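Number of protein chains: 2
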Amino acid sequence: MSRYKAMIYITLKEGILDAEGETVRRALISLGFDVSEVKSGKMYIIEFKCDKDPEEVVEKMCRHLLANPVVNNYKYELEEL
Amino acid sequence: MSRYKAMIYITLKEGILDAEGETVRRALISLGFDVSEVKSGKMYIIEFKCDKDPEEVVEKMCRHLLANPVVNNYKYELEEL
Chain A
1 MSRYKAMIYI
11 TLKEGILDAE
21 GETVRRALIS
31 LGFDVSEVKS
41 GKMYIIEFKC
51 DKDPEEVVEK
61 MCRHLLANPV
71 VNNYKYELEE
81 L
Chain B
1 MSRYKAMIYI
11 TLKEGILDAE
21 GETVRRALIS
31 LGFDVSEVKS
41 GKMYIIEFKC
51 DKDPEEVVEK
61 MCRHLLANPV
71 VNNYKYELEE
81 L
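Just so you know, the protein sequences line up as chains A and B, in that order. Its first residue numbered 1, the first sequence is counted upward by one per residue in the numbering used here. Its first residue numbered 1, the second sequence is counted upward by one per residue in the numbering used here.
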């Protein structure tokens, strides 16, 4: 069994209202920054073991638990430990 | 004024209880994954304009609004648009 570390990034799909991003945008503007857009997202750094294709395992984690395919996009980076 | 895109990643410092990460770890284990550690974090993708050093601007955004220096680490990638 090999050990891996996955960095998983989850964002909202285009067209889905990003209330947090909009709140942060307004707050940054009120602090004097010239900000045109803010997108918010989540990130998970996961250490796991598996004996099959680690990409397949991470895809399953995303589809079954971490991301909602209706509203989220996800991407990830994998590293063998 | 130049336009930039910053990808900002905010995580909890070592030693700070990551309740969300621990919940995700247990959920992944209950789904049959062999997971030893999960760290959760936030991500912001910010488009902004500035006429000075963009790294300095992103540092200020992080310190003044996005990250809490007591409990968070942050890192970022910058790209000119």
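Calculated directly from the structure, the hints in this document are not laboratory data. Please note: incorrect hints may appear among the correct ones.
A pair holds if it fits inside one copy or across any two, identical chains being indistinguishable in the list.
What the hints assert, rightly or not - With a Cα cut of at most 27 Å, we get these calculated DSSO-like pairs of lysine-lysine:
| # | residue 1 | residue 2 |
| --- | --- | --- |
| 1 | LYS75 | LYS5 |
| 2 | LYS13 | LYS52 |
| 3 | LYS42 | LYS60 |
| 4 | LYS39 | LYS52 |
| 5 | LYS39 | LYS49 |
Only a predicted model underlies this, so the values are computations on that prediction, with no experimental measurement involved.
Checked hints:
no.: 1; hint: LYS75 to LYS5; verdict: both (14 Å within a copy, 18 Å between copies)
no.: 2; hint: LYS13 to LYS52; verdict: neither (30 Å within a copy, 32 Å between copies)
no.: 3; hint: LYS42 to LYS60; verdict: both (17 Å within a copy, 21 Å between copies)
no.: 4; hint: LYS39 to LYS52; verdict: between (34 Å within a copy, 23 Å between copies)
no.: 5; hint: LYS39 to LYS49; verdict: between (32 Å within a copy, 16 Å between copies)
Violation of the numbered hints given earlier is confined to hint 2; every other hint is satisfied by the structure.
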